[in-house]
Structures are given as C-alpha cells and as structure tokens.
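**Student:** Starting from the given sequences, assemble the full structure and let the hints guide the process.
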Amino acid sequence: MVSFPVRGAFVGRAAEVAALRAAYTDPAVHTVLIAGEAGLGKSRLVTEFTSRLGTDPTVLVGRCPEFGGSGIPFAPFVSVLRALVRQLGVDRLATLLPVSRPALSRWLPELAAKAGSAEADVDRIRLFGEVLTVLEQLAVRQRVVVVLEDLHWADDSSRELLAFLVANSAQRDLLLVGTYRPADSEPMRRLVADLRRDPGVRLVVPEPLTRHEVGRQLAALFGREPEPGTIARIFERSKGIPLFVEALSGSPEDTPADLSELLLGAQAGLPPQTQALVRLAAAAGSPVRHTLLESAAELDEDTLHRALRQLIDRQVLIAHDTGYEFRHILIRDAVYDQLLPIERKRLHAKLSHALAADHAWPGGDHAGELAYHAHAAGELPLALEASLAAAATAARAGAYTERLRHLERVLELLDRVPQTQVATERLAVLEQVVEVCHQGSIVERGIQAADEALLLVDTDTAPERAARLFHYRAGLKNQSSKGSDGDLHRALELLPAHPPTVLRGEILAELAAAQVFNGDAASAETSALAAVEVAEQLDATALAARAYAFLGLAAAARSGTADARSGTAVAYFEKAHAAATDPRTLLTVVLWESAVLVAGGEHTAAIAAIQQGLRAAHETFRYAEASPILLVKWAQALTALGRWPEALALIDEFLTEQLPPLSKAALLLSHARIRLAQGDSTAASTSADTAAGLLSDGPWARQYQLQLRTVRYAIAVELGEAQRATDILVEALSADDLAVHHHEVWPLLALAARNAEAATDLATVAAALPVTIAVDIAHRAVCAATRTGAWHDAVSAWRALRQPYELACTLLGAAEAELAVGNRAAAHPALREVAELAADLGAAPLSATAHRIADRAGLTLTDRTPEPKAARPTTFGLTPRELDVLRLVAQGLSNRQIAAELFISGNTAGVHVSRILTKLGAATRTEAAAAAHTHHLLDTDDER
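Counting from 1, position 124 in the sequence shown corresponds to residue 124 in my numbering; the numbering is continuous, with no gaps.
FRET-style restraints, in silico, Cβ to Cβ:
id, residue 1, residue 2, range
1, Thr291, Leu938, 52 to 60 Å
2, Arg309, Arg21, 34 to 42 Å
3, Thr686, His489, 43 to 51 Å
It is worth saying that the hints were derived from the structure and are not from the lab.
All values reported here derive from a predicted model rather than from experimental measurement.
Glycine included, each C-beta is placed from N, C-alpha and C at the ideal position.
**Tutor:** So this is what it looks like as structure tokens:
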C-alpha cells in the first residue's frame, strides 16, 4: 500500500527560492512565471516561498480548474476576488473601487448589493481595469502576492486578463506569481513568449532533482540515511521528480513497472465506498466542491465524511476552503484513466444529475460544468440546454472566447438532438455567434457564421435581424481589410429612416468612416450628417461624438481651400468633444482629431489633444491600446515645432515601451530626421535602418515606407552620395499610389527640388499630386520656387505653419535666389534669420551652410551668445524625467497617477520610481520625498 507523506521534504530548491525572493524584493519585477512538468514541485515551491514571507504580504491564491474552458470564465481571478471578500469584507473591498455600478459586481453578488449592479453592456477593459485597481489599491497599504496556479488550464479570458495585468501593473508592492506546465498548453506558451519581452517579468524553471538531492529527500522521508542502492533505484525510476520520489519512498524495494500503478497504490486497502468516492472525484475534476461530491455520491453524511477523512489521511485528496483537490493532478489522471468508458459515462451522469438538481439551475455559475458532464454522459438535450445557459453566463462576464465555445457546442448538438426536444432555433444561435465574434474580433469564424445566418433569415419578415447581421459582418470584414461598404448599404436599405434607431445611426457612422478612408469625402459627410441627426433625435451622445469626428475627417479631406477645410474640421471636432461625455468616447475622438491636426500642421493644438487623449486612455485603462498612435503623433508634432530636445527625450523614453513595430518605426523616423538636421548622419542612418527592419509591406505601413525613403534620400544627399540619392528618388516616385499618399510624397518632392534633382521630372509628378492641407501647399510652394525663383509664397506658408526648420531651409533658398541676382540687401536678413533659427534648433549643418554662403557674399552674421546657465546643485544622478517623477512622488501620487500626469505607462512610472529610490538610497517613497526636500532637489531656479 502506498501512502503519500503528509508533508514531503523540501530539498534542492535553494536557487529557485532565492530567485523568487529576489523578485519579491526587486521593485522593477512585477511578475514571476514558474514553468515545469507535472510532479516537479511548482506548487510546493510557491508554498515554501510565500510561507517564508511571514505576515508581511497579503497572499491571494487562485487556481485554474482542470476543465477551465468549460467552467466559470476568469475562474482563478474570481477565486482571488472572493478570497479577498472573505478577508476584507465587502465594505472595504468597495472602498478600493471608487466607482458606481462596478463591473466586478458580475463576479461578486455581495458587491452588487453594496455598490450597485454592473451595467448591462460589459466594457471588458473596464472589468480588467477594476481587477487591477483593487489589487493596486490593496498594495498601497500592504505588499500583495497573487498566486495563479495551473495556468496551463486557464481559459482564454483568464489568459487575456493576466496579459493585461502584466502590461499595466504600476504598483511596486504587487507581485504576480503563476505556475504552468509548458507541454500542456500551446496558448500559454505563446503568451509567456510575449510576456517575457517585458523587463519586469521573470521566468523560473525548476530542474529535476539531482541524485544527491534525491538522497537528501529520502533521508528526510525515512528519518535516516538511505542505502546507496535505494537512492540509485529511486533516482533512476523517478527521474528526479519529487512527487515520484515521495511515492516510491513508501515501497523502495518493490517499485511497479508503471508509475500510474504506483500512484494508484494509494487506494489499496481502502473500503469500496471510499474507492468509489475517489473515482467520482476524479470524474468531477480537480478541484471539486464539497457540495457537488455530497450531492452526487449518494452516501449518508457519516459515511461520506469517513471516506473523505480516509482520502485526506492518505494524502490522496487535500481539503481547501470549499472542497477538495487531488494531492497531485497525476493521481487524478491515474484514477480516471483506469476507468472503463461505461464507468466514466455513469459517473458523469451522476455529476450532471447532481448539478441539474441544484436550486440555482437553470442558469447559475456552474452551467458550463453541467454542460461538460451532461455531454460526457451522453445526455445531449441537457447538455444543449446547459451550454446555452453557460454561453449566457460567459456573456455577462465579458468572456468572448468562452461564450463562443459554448455556442459552438450548441450548434453541434442542434444537429444531434431531436427537434421536438429543442427550444431554440439555429438562426438565433448563429446570431449570438456573430455578435460575440464581432465583440471579440474573431474575424473569419464571425464572417462564416454571418454568411450562414443571412441564408436563414427572412429579410421581409425580420428586416432588423438581417440588418444587424449585415452590420456585424461589415465590421468583421473591415477588420480583415475586406470591403464592407456593400454590407452597410444593404443594412441601411433594410432599416426605415423613421422611426430612428440606434442601429441605423451606428451603421451610418461606420459607413461614413469607410467612405472617408476610401477617399469619398462628400459621401462620408452625407452619411455622418445623417448619423448626427439620428443621434440627436435619440440623445445618443456617444454616437453623436463619433459622427462629428467622422465629419471632421471628411471636412479635412474634401476639396476646397485649406483654411476653410481646417476651420470646418476644427469646428466639427469641437462638437465631437462636447458630445463625448465619457472618457472612452473622448479617446476615440482624440485619436482621429490628433491625426487631422498633425497632418494639417496644427501641431500645438495637436499636442493639447494628444495629452487629453492620453489622460482618457489612462482613465479607461486603454493606455497600451491607444498610446502607440498618440505617442507617434506627439513626436511628429514636437519635431515639426522644432522642440527637438523634448522630441528626442520622448522618443528615447517610449522606445523602451512594448510598442507595435509600426509605432516604433514611426518614432525612429522622427529620431532620424532630428539627428540628421543636427549633423549626426551616423545616428540618423542607424535609426532609419532599424525602422526599415520594423516596417512590413502591408498597406498600413505604406506611408511610413515613403517617409523612410525621404529620410534615406536626405541622408544620401548629406553624405554626397548623389547616385544613391537618385536611385532612392526614382524608386519612390515610380509607385502607382503616390496620389493616395500625397502627404508623404510632397516632402520628398520639395527636398529633391531644393537639391536640384534633375533625374526625374519633378514638375510632372507635382502637377498630378493632390493638395488638401496647408502643409501640402507649403511643400508645393517650395517646388515652384525652385523653378521660378519666387520664394515669397513658400516663406510665408512655412512661417504661418510655425515650423522653424522648414522655414529656415526655405529662407536659405530665398537668400540664395536673391544673391543669384545680386540682391545682397535682401539676402542678408534672410541669412541672419536662418542662422538664428539654426542656432535655436541646434541644426549645425544648416548653420554652417548659412555662414558659408554669407562669407562667400561678404555678409557678416553675428552668432547669438547663449546665456550662461546657473550651476545646479547635485541631483544624485537623477535625470530630468526622474526629477519630474520625484516631484510627483513628493506630492503623494501613486505610480498610476504619476503615469497619467506624465503621459507614460504605469510600468514606466514604476521603473522610474525604483531608479529614484536606488539613486537616493531610500527604502520607501516617503524617504525619497524627505531626501528631495532635504537636498533641495525640487527647488526651482528662483528658489535657489
């Protein structure tokens, strides 16, 4: 008979415990993932680590159930939050969530009673943000360690929430610890590969025990030194897996040929009723609730308790808060694998009957579990009904992939269950599939389901159902770069204009967006105006805000004078701001507005809008999603305004963030332009080459491919590589999509014209290019001036746009033109302004060129002498950005508040705080703030 030790010896894990302890004390680390095969001791390692922390931290544990995809969505996190309610009470938990009607009410009924039920339309990111807020707010008061066990069984939604927490964690006193088996979950392996790019994530991989460590474990188990031969046999048989060492230690001289037989040995000698109970528990999966075992076992209370006590004493089962789990999942697998198919079916039937008899059915949290057992038992009508209920539960929780999985089972069962036993229609299920695919961006399956549903729907009797399907399919096609206009037009044909409906307004708004991006600004304006009319009739403010934003895009793109277009677009965006009464809608408006403002040369206004958008992104926990676009626009605006030190600092800081490749490439191109203008062609070339490696050949990257060619052309010209410059220009201008990307082509044409490029007929190319914004007009004026010598219009255009570098380059061209006709008096002030602008910008090559031309013409340019800067006292090596962060730390702001104030991510704020503490030798934020005041680190120049 095998009996597992009550608590096996813990040996051979000093390095792993040290790694966990180092992560716990390192403020830059927020996540540790422990990977290893079954039986290696991952959970025991975590238990030892947390037990050695004493009472300092709050430790919260959540386990992924074995049938994670069939159970409660977000199961490990629900367990963590429910444990927190038990520890703190619902009143204190509510204080950690300063919002009304929290989305977490869907997980915690007691919170709904206290703070109000969640809104009907779940905002998934808001739900994720509330989980993060609770954990971070708790960590402000006390260190928090969240342990997530068996992540290889995690449902898709739990993995997505874990990724969100890792990406957004900003509190240095919060540590996430997860365990998983790499071989058992391809999705988890992919997620870990992504997470490891975050410098705050550590991976711990325990190795099997060595022969010496097996000997130490056996010595602890035996209470004496084992025989060398025993160590050798058990080491060879166990392969150094601690669980097998423990199991083999019970009968070292008699080891079964198969390890599963060894694991089953723990049942030997148990009464039949106890063995039946362990088989039932194996069918239920690990962990299993006491109430389910009690209901399904059909044992009287005394017999049940006696059987459970025997299994716990043998260390087959371990008790926890609400039920039991197997001592190790390998034991459960061994028990279940030995069952005959008919035995499994009977056990699953007992479990499904117990679940169906529960007072919470129909519905309830365990509908997914019921669906699993009913399906395994062959009780298909019950499985269908439970799968529908589980899909509804997943919908309420905002778990898209889990809802889709349950709905797919319903579709499968609809073909197998007699129609007389089915209370739902296939079309209704397909409509739900399309809806959840649209919500979760599950594109191909969503389009496929929409195609099937549209074949079943009767457009004459159910036009709104058909219109909704066309609307969803259009959105899915749009995500796959397929044309969506046809579906949107068909949906509008099916919906009457009166009475107005939100669905019609949404379709009109999306049609306006599609039309503006297809270049049909006039139609886009018509559609957007119709959407505004619907929104105002229904008081749908979010719809109105988006529709006004699309009007702004259409106004910026349509024909007419640039000034008129700009004014109209700005007016529409002002109305969009007024209608955007929630941060999420405001963020959507700002994303479009910033693009229009930067493209149109309204860079100061663009920066203000971008900062507003980043604040909204923080407020809605969408910083990781929205910041890449906004940060690129911010860098471009600063570059154009000549605020190069700010631009370089922003680029350097945000290139360390986990940005998409396209965003990194865009930032690197701005970096290359500035460094080239400052005279560092090597740095410019490095940035351009790095950007090239990040850019794909897809349509979204096309504008940046053209910008890359412009930068590389400028570098070649600066280095005197005339043939290379010509080759770049000829290749760029030979494309057939120049008119589509004319904003990017005009700068290249103007640069080539200033450099007297004769290899290409620039005038012909320029004549075919559209001119839709003030920046296009300025570039066109430069191209014209190089041919006619009339530079006044070009100078005026750039001066109006307040772009100092472009203005200086244009003034230089004007000065050269004046000198060419002998007008030194007109050239002199132009050259003097060029020199002053170049000095202010730090554009050394431009300054040198201006002085060289002036010297040749016998003109004197006086360099502006910079004012001497007062010496700063020591700052302990703190960078200007770290001083900004320290100032906010001294004001008592949390990392997340600092991030919102400085428009950076929470992770970056946490890294800055950690570096500040290290440089100041401070253990806490309070000590850092005291040091800042003591050493006058935050004094302004006037205060020194």
